[in-house]
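2 protein chains.
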Amino acid sequence: MSYKAPVKDLLFNMKHLANIEAVAQLPGFEDAGLDTAQAVLEECAKFNEDVIAPLNVAGDLQPSSWKDGVVTTTPGFKEAFKQYAEGGWQGLQHAPEFGGQGLPKTIGAACQEILNSANLSFALCPLLTDGAIEALVTAGSDELKATYLDKLISGQWTGTMNLTEPQAGSDLALVRSRAEPQPDGCYKVFGTKIFITYGEHDMAENIIHLVLARVQGAPEGVKGISLFVVPKFLVNADGSLGARNDAHCVSIEHKLGIKASPTAVLQFGDNGGATGYLVGEENRGLEYMFIMMNAARYAVGLQGISVSERSYQQAVAYARERVQSRPVDGSVKGSATIIHHPDVRRMLMTMRALIEGTRATAITAAAAYDAAHKHPDAQVRQDNQTFYEFMVPLVKGYSTEISQEVTALGVQVHGGMGFIEETGSAQHYRDCKILTIYEGTTAIQANDLVGRKTGRDGGAVAKAIAAQIEQTEAQLSALGGEPAQAVARELALARQAFLDVVDYMVANGRENPNAAYAGSVPYLMLAGNLVAGWNLGRALLVASAQLSQGEDKAFYEAKITTAHFYAEHILPRTAALRSAIVNGGHSVMELPMDAF
Amino acid sequence: MSYKAPVKDLLFNMKHLANIEAVAQLPGFEDAGLDTAQAVLEECAKFNEDVIAPLNVAGDLQPSSWKDGVVTTTPGFKEAFKQYAEGGWQGLQHAPEFGGQGLPKTIGAACQEILNSANLSFALCPLLTDGAIEALVTAGSDELKATYLDKLISGQWTGTMNLTEPQAGSDLALVRSRAEPQPDGCYKVFGTKIFITYGEHDMAENIIHLVLARVQGAPEGVKGISLFVVPKFLVNADGSLGARNDAHCVSIEHKLGIKASPTAVLQFGDNGGATGYLVGEENRGLEYMFIMMNAARYAVGLQGISVSERSYQQAVAYARERVQSRPVDGSVKGSATIIHHPDVRRMLMTMRALIEGTRATAITAAAAYDAAHKHPDAQVRQDNQTFYEFMVPLVKGYSTEISQEVTALGVQVHGGMGFIEETGSAQHYRDCKILTIYEGTTAIQANDLVGRKTGRDGGAVAKAIAAQIEQTEAQLSALGGEPAQAVARELALARQAFLDVVDYMVANGRENPNAAYAGSVPYLMLAGNLVAGWNLGRALLVASAQLSQGEDKAFYEAKITTAHFYAEHILPRTAALRSAIVNGGHSVMELPMDAF
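Which chain is which? The protein sequence lines are A and B, in order.
Note that the numbering used here has the first sequence beginning at 1, numbered continuously upward.
Note that the numbering used here has the second sequence beginning at 1, numbered continuously upward.
Hints were generated in silico from the structure; no laboratory data involved.
Here a beta-carbon is modelled for each residue, glycine too, at the ideal position from N, C-alpha and C.
Certain hints may be false.
As the list claims (entries may be wrong) - Some, not all, of what chain B presents toward chain A, calculated at C-beta under 7 angstroms:
#, residue
1, Gly69
2, Asp171
3, Tyr277
4, Arg345
5, Leu348
6, Met349
7, Phe387
8, Gln404
9, Glu405
10, Pro572
11, Met593
12, Ala595
Claimed, not checked - Computed cross-link-like contacts, DSSO-like style, restricted to lysine-lysine with a CA-CA straight-line distance of at most 30 angstroms:
#, chain 1, residue 1, chain 2, residue 2
13, B, Lys4, B, Lys553
14, A, Lys67, A, Lys15
15, B, Lys333, A, Lys223
16, B, Lys188, B, Lys151
17, B, Lys78, B, Lys151
18, A, Lys333, B, Lys223
Start from the sequences and build out the full structure, keeping to the hints where you can.
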């Protein structure tokens, strides 16, 4: 099943919801206006449709394989990654001083969505490399930067994030890997890391592992964790590759999905110690790792949108082609294509609305990120930063949770054929299941939302966002027309539910933490749902204005209909979530542990 | 991961919600009281825990395989099926005159739940055989009965249902297989059937295919379909096996889940015609097939509960064992088992509540089935029949839809380990995806609910059930205590939402079919949710009464807590569904087909 990048919808979002022309006013982004965005996206679409997307099924059928420490990726991946690197795609958002293109996240996010739709497994290698780059840019010494950044940004080398150990997943306090300082200033690193995405592969000359470990004598818990660069091959002074480091892949996992992406068990220091280089200062590793994590969390949120989009396109194609049963309204005599049937339409509209809503949220958040980093006014930077930080758990948590729903519907639209692997729809259902888990499970995102993003400021940012939503409601009410009225009405109900829950979280977060955190994931789902609905409401306002100018009728009418559907079918879920959170805090923990 | 049958909860349901002692008053079921139920269930549990459940992972790792028309099942399956047959399990619910044990569905359903939890793939062979038996009992001639029933009921032979063809899935009007009458009274059958579960295998001596086909000159559409018995091996007059029939398995499917269960493509008549015997009368095949389908739909609903239970047990075991992070309430210093964390508890409680709710609905429905068939009073039979028929789409649709949610949560509780196939949790997530599809998709069940079960009688049965629910609310309100009050309150809200939707369906079903059927699946989910919540409310009343007599404190308190959780966390979803159905009928079909 081929993939067609939704360039038009991405540009709509960038232009109207993320205000790309304002992004292009920011220092350093002067060339990054709509024209640039369009040119980049079109090239990105072409490359991914032609080169990367066709490898998606192959990756599932011929996953990466391991033999004697060597990982061989799916046939075609190595060549495709070479093209990816040569096209400059790895450097899209990175600093020009290290060879990047320095484009804003607003454009970069759209490109990432396309890449991930084309091939989730393939896209993980650049995704993790981005994280390694980010950490080095932020905390690496000049020497580390000089040695590694150019080659990571050019795609000559790739990067990994080594956090997890068998006993330490979400709980990094339990990390046991250790690092011993050496007289020459470097360290010897020892330990076992698991679940290391692209921890070993054959697509690049070198792999730069960023590894969490404890220096001897460091404090217990997360305050005693440091971050190290541990390259697969040591790097000579002239930049050429030196000796093989003592970091080896002892196996890769047999997974439910994203099978082409090798998930490595890495063994550090079994032969005397892996040479590592401290990033920043000792015992600040978690802080640096969070830099990588935050970028990666947003990116994983995009993956949720991406896999949903791919699943949707496939479901639409099948629904247009499969003939089965007479429409209930009698509009066709005899059997018709199943897209005529109301429940198939309901499923397709649900998929579409969830995708467009989460996409709008993600791109809007990206623009805030850009302003937070580049705006000349400190207050504007701060406001955008807090907005962005509130959005990250929603982009990560909500977009990935809805990808489970969307891909399940994708299979369901196919009926029995969906269950047959050759059809390809089931791959998305399998692939997406990791998205609610890695880079912090939905619960971890939700705890972040409850604690750092809501409790810490007494709900101030949350309420400020609610106030913005209220303005959109007023504009919709003023606009008239049934869709706008429906969106205004449902948004108001959802916003009130959100405010009730924000109050509840602020009141209970510290006093009654079990009752608050029992509602953390429902709160995340409520907030993500509301914000996506809000952004579709904003989209409706734009579409209505464009229509009145006679623009592109079909596209803008579809945008209005999708917002209308979202409001009537998806936003009301917030009422159920509010009720569960506010009334149900106690019954979650009521059953004694041994009664399960 | 081992499986422990929930015998205690099943007996609770049979005794208190399904009133097994009343079932034992029905003619023919005199020996089928609680003692019998307990004895049968304990034996069933032991057999399935020891023999069938251990083959579940093996079935996933070493699926059935096809070579040159021969299907070899997973090692161990053949021997296990022999034990299954020898234990008399195939005949549990079937007529003693053909060698069955003649037990009520109330007991049979509980045994089926256990078997399906033990091994969904294995259980499909008996499930389809049950369907074939049912059709022959109802519509077969004495000769067909004499030839086939004993051996099907003893498990010496197995049965299949052959409906689907490449162009005819949900839409049986499109069936093209044909049957030519022969001078000797039998028929020659020709055609291709796909998705035939256990259409070929090595577990029994003979396979009795029940095949839909058109006799030459029959009317078009579903009114021209007849049902035929087409045995794999012809049967001699003395009951011994004769010649190989012209029915061959040309391939089996590569599926997302239930991999041990061979899904066959069968080719009938490629070498001159497969010998078939008409079941009942010509052109009434669909009617007979629906007898099989209705039994099978209920059974597939049980499968949803079964796979959910298995996933739940595995998630609980992992949550008790995996140590990760400090509890937010500070109840443990340092990292604790994850069952301490509120969100893990929320996930486990959600799984538990959905399972106990759907189980209560299924067993209650089974008792109605028994009364509908055996009660001496015609009016009682009729009332129970309409109740049962209303329940079938809920048992099938809601139980299987919630199995998607439950098994996804099962993976999620495992975190990253859930995504690794060796853990075993992902198998349930893959296996369950077929349940919302086969034996009629959720949409097909929902159309049945909207049309035949609600529209046809103007919502009379639906409203009668709502009236019963209202009585339960009154009893709960009178009982006092926070859990009972919460359940009464949430039930009342959900019941009102249900009544609104029933009125909407009655008003729109014929006048505005697109708007009605756009809400068909949400209506099914609402009704299924409400009825499960109602049955848990009934369970709460029983548990409270038992507690006041000092019985089994932990068990009954857990029952109350689970009902409480269901009411606060699951029942409120009905409000969102009501809103989507009643307000959203138009926006589902608003987007033009070519705008997708």
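Requested in this report: Please flag the earlier hints that this structure goes against, numbers listed from lowest up.
Outcome: Hint check: 1, 3, 7, 9, 14 fail, others pass.
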